[in-house]
Amino acid sequence: MIELRQVTKAYPVKHGLRYVLRDVSLLLPDRANIAILGPNGAGKSTFLRMIGGAETPDRGTIITDRDISWPLGISTGFQGSLTGRQNVMFVCRINGLSPREIKTVIRQVTDFAEIGEYFDMPVSTYSSGMRARLGFGLSMAFDFDIYLIDELTSVGDAMFRQKAKAAFERIKKRASLIFVSHNLKTLKNSCESALFLRDGNADFYPMIDDGIAAYLDFINEHHTRGRANRDDTAESKTYRQARKLARRTARAAAGGQAAPSGKPPTN
Amino acid sequence: MSAPIPLPLPKHSPLVSKVLVIRALMLREMATRFGKYKFGFVWLILEPLLGVLVIGLIIGTIAERSVPEIPYPFFLLNGMLILKLFTSPMNASLRALDANQGLLVYPNVKPLDPFLARFGFELLTTAFAFLVFCVVAMWLGVRLSFDNLGVLLLCYLSTWATGCGLGLIFGVTSAYYKEIDKVIPVLQRPLLFISAVLFPLSTMPTSAQSLLLYNPLVHTIELARNALFPFYKVDGPNLAYPGLIAVTVLALGLTLFHNHRNFLASRA
Numbered sequence: 001m002i003e004l005r006q007v008t009k010a011y012p013v014k015h016g017l018r019y020v021l022r023d024v025s026l027l028l029p030d031r032a033n034i035a036i037l038g039p040n041g042a043g044k045s046t047f048l049r050m051i052g053g054a055e056t057p058d059r060g061t062i063i064t065d066r067d068i069s070w071p072l073g074i075s076t077g078f079q080g081s082l083t084g085r086q087n088v089m090f091v092c093r094i095n096g097l098s099p100r101e102i103k104t105v106i107r108q109v110t111d112f113a114e115i116g117e118y119f120d121m122p123v124s125t126y127s128s129g130m131r132a133r134l135g136f137g138l139s140m141a142f143d144f145d146i147y148l149i150d151e152l153t154s155v156g157d158a159m160f161r162q163k164a165k166a167a168f169e170r171i172k173k174r175a176s177l178i179f180v181s182h183n184l185k186t187l188k189n190s191c192e193s194a195l196f197l198r199d200g201n202a203d204f205y206p207m208i209d210d211g212i213a214a215y216l217d218f219i220n221e222h223h224t225r226g227r228a229n230r231d232d233t234a235e236s237k238t239y240r241q242a243r244k245l246a247r248r249t250a251r252a253a254a255g256g257q258a259a260p261s262g263k264p265p266t267n
Numbered sequence: 001m002s003a004p005i006p007l008p009l010p011k012h013s014p015l016v017s018k019v020l021v022i023r024a025l026m027l028r029e030m031a032t033r034f035g036k037y038k039f040g041f042v043w044l045i046l047e048p049l050l051g052v053l054v055i056g057l058i059i060g061t062i063a064e065r066s067v068p069e070i071p072y073p074f075f076l077l078n079g080m081l082i083l084k085l086f087t088s089p090m091n092a093s094l095r096a097l098d099a100n101q102g103l104l105v106y107p108n109v110k111p112l113d114p115f116l117a118r119f120g121f122e123l124l125t126t127a128f129a130f131l132v133f134c135v136v137a138m139w140l141g142v143r144l145s146f147d148n149l150g151v152l153l154l155c156y157l158s159t160w161a162t163g164c165g166l167g168l169i170f171g172v173t174s175a176y177y178k179e180i181d182k183v184i185p186v187l188q189r190p191l192l193f194i195s196a197v198l199f200p201l202s203t204m205p206t207s208a209q210s211l212l213l214y215n216p217l218v219h220t221i222e223l224a225r226n227a228l229f230p231f232y233k234v235d236g237p238n239l240a241y242p243g244l245i246a247v248t249v250l251a252l253g254l255t256l257f258h259n260h261r262n263f264l265a266s267r268a
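Quick mapping for you: the protein sequence lines, in order, are chains L and E. Following the working numbering, the numbering of the first sequence begins with 1 at its first residue and continues without gaps. Following the working numbering, the numbering of the second sequence begins with 1 at its first residue and continues without gaps.
Everything labelled a hint here was simulated from the structure, so no lab data went into it. There may be inaccurate statements among the hints.
[Stated by the list, open to error] The calculated DSBU-like cross-link candidates involving lysine-lysine, where the alpha carbons are at most 30 angstroms apart (straight line), are:
#1 L:LYS185 x L:LYS165
#2 L:LYS188 x L:LYS244
#3 L:LYS172 x E:LYS11
#4 L:LYS173 x E:LYS11
#5 E:LYS110 x L:LYS14
#6 E:LYS11 x L:LYS103
[What the hints assert, rightly or not] Where chain E lies over chain L, by a calculated footprint (3+ residues, C-beta under 8 angstroms):
#7 70 to 78
#8 93 to 105
#9 132 to 144
#10 186 to 198
Glycine included, every Cβ here is placed at the ideal spot set by N, Cα and C.
Kindly produce the complete structure, drawing on both the sequences and the hints.
The following block contains the structure:
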């Protein structure tokens with residue numbers, strides 16, 4: 001269980017502050033895979049970093065009795081000037097692992113990542129797919145209760161995605177996920193619940209469909225309002241996707257067989 | 001591939017965890033600093049020595065006469081090492097966060113840790129260079145005295161602490177204003193000439209001496225010489241002044257850092 005008690009967090013932008021959370025109290029349940037929804041810049045990544053303990057709230061506290069991973073993303077967790085091996089060694093060392101344990105971890109990471117001799121080259125030379133492989137492999141080597149995933153599955157080749165999907169299935173047997181992605185389909189496939197972040201508020205939806213619906217309403221409203229400004233491709237892609245999903249849900253509802261919320265659809 | 005068995009992360013007390021993090025960061029520092037050279041560790045000694053060699057060749061012949069008590073290269077080296085203890089924590093600070101940004105995502109790595117690791121690293125390498133310097137000096141028959149080891153250590157350590165304090169101050173400032181990175185090296189350049197590194201303080205005109213004594217480095221460098229070389233006499237420098245400055249600057253730096261730690265963490 002993760003509990004947020006009157007948490008406020010803002011980050012500085014050019015003029016003033018932008019609030020990620022403004023006096024939010026919240027209880028995130030155990031054993032639920034949670035999708036984090038929100039428009040660009042709502043602070044989804046900052047939220048993950050806070051849950052992971054890399055950042056502290058400006059005010060309030062976050063309490064948990066679970067082992068939470070660091071956020072797994074393509075741009076986080078590795079120092080570009082160090083090789084993959086040195087990065088892995090660093091994580092082992094700060095956790096005080098024995099040489100034998102370090103050896104095991106390195107074997108597991110190399111087995112999963114399959115990046116060959118790149119393992120001994122600086123991470124700055126990696127492609128984003130290789131970074132994802134390494135990051136995923138590293139976190140898989142450790143036993144966390146909750147894994148924080150930040151847009152990790154949107155990169156890499158088909159083989160990696162396949163592997164990642166299988167790994168997710170394995171993880172979900174023993175741990176839960178808190179998942180940031182702009183791909184609503186991925187989220188729907190992996191999560192049962194949703195947390196919708198916007199303007200410093202965080203609304204928790206036990207059923208992900210409700211969360212997505214709220215998110216879509218929000219996007220819809222903003223999209224029509226800002227139609228002149230259409231260059232935000234990521235957001236409009238989400239919007240298109242969202243519309244498709246909404247249509248499908250509506251059709252399903254009309255056909256009398258509403259999508260079984262709470263359980264991810266199997267497709 | 002068989003499914004890997006995930007390893008539970010061991011729990012440590014905050015103190016042990018801090019030691020582990022600092023140690024890992026220092027090892028990481030060593031890997032990038034010396035790892036790319038064939039005989040990386042040799043450069044530990046060679047770096048300050050080369051500097052001394054260049055300056056020694058240029059100024060040594062003139063300056064030698066002003067310090068009859070000590071072979072000039074050793075006179076110079078002692079000053080250079082102390083100066084290095086002052087400037088290198090500052091320079092290391094400016095890039096400490098950028099160079100470890102990716103590693104701050106791990107919850108037990110706090111923004112201050114890269115700074116502490118770099119400070120420790122500079123102290124260790126200088127101590128190592130100093131030891132080699134002593135061994136070589138004694139091997140060449142230069143008379144060194146270790147009767148005032150306490151004073152000697154305080155001279156080195158207070159200079160280092162001042163450098164660390166300024167490093168923290170500039171490290172925080174640099175996170176807000178990147179221009180600092182350009183200014184600091186320029187400001188450091190005159191230090192070689194106003195810190196009595198090249199000449200003994202006593203050879204300067206009296207009016208200049210009283211001005212130079214505002215520089216805490218003059219105190220520590222001169223006192224260290226006095227402690228290390230038995231025949232070297234000093235008049236004017238004291239330990240209280242650089243000590244007071246060290247404590248003040250370090251406290252200021254830590255306070256400033258503490259007040260801005262959230263911003264520094266979010267920047268990563």
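- [ ] Verify the proposed pairing of LYS11 (chain E) with LYS103 (chain L), using a straight-line Cα cut of 30 angstroms.
- [x] 19 angstroms, holds
Task: LYS173 (chain L) paired with LYS11 (chain E) [C-alpha distance capped at 30 angstroms] - done: 23 angstroms, holds
Task: Holds or violated: LYS188 (chain L) to LYS244 (chain L), with C-alpha atoms at most 30 angstroms apart - done: 13 angstroms, holds
Open item on the list: If you count the residues of the segment 132 to 144 of chain L with a beta-carbon closer than 8 angstroms to a beta-carbon of chain E, do you get 3 or more?
Closed with: holds (count 5)
TODO: Can you take a look at whether the segment 93 to 105 of chain L is actually covered by chain E? Rule is 3+ residues, C-beta closer than 8 angstroms.
DONE: holds (count 8)
Task: Hint consistency between LYS110 (chain E) and LYS14 (chain L) [alpha-carbon to alpha-carbon, up to 30 angstroms] - done: 25 angstroms, holds
- [ ] Would you mind confirming whether the straight-line C-alpha gap from LYS172 (chain L) to LYS11 (chain E) stays at or under 30 angstroms?
- [x] 23 angstroms, holds
Task: Given coverage of the segment 186 to 198 of chain L by chain E, checked by CB-CB distance under 8 angstroms (3 or more) - done: violated (count 0)
- [ ] Mind taking a look at whether chain E covers the segment 70 to 78 of chain L? Criterion is 3 or more residues with CB to CB distance under 8 angstroms.
- [x] Coverage by chain E holds here, the residue count being 5 at a Cβ distance below 8 angstroms.
Open item on the list: Given the hinted pair LYS185 (chain L) and LYS165 (chain L), is their Cα-Cα distance within 30 angstroms?
Closed with: Given pair LYS185 (chain L), LYS165 (chain L) holds - Cα atoms ~13 angstroms apart, limit 30 angstroms.
Of the numbered hints stated above, the single one contradicted by the structure is hint 10.
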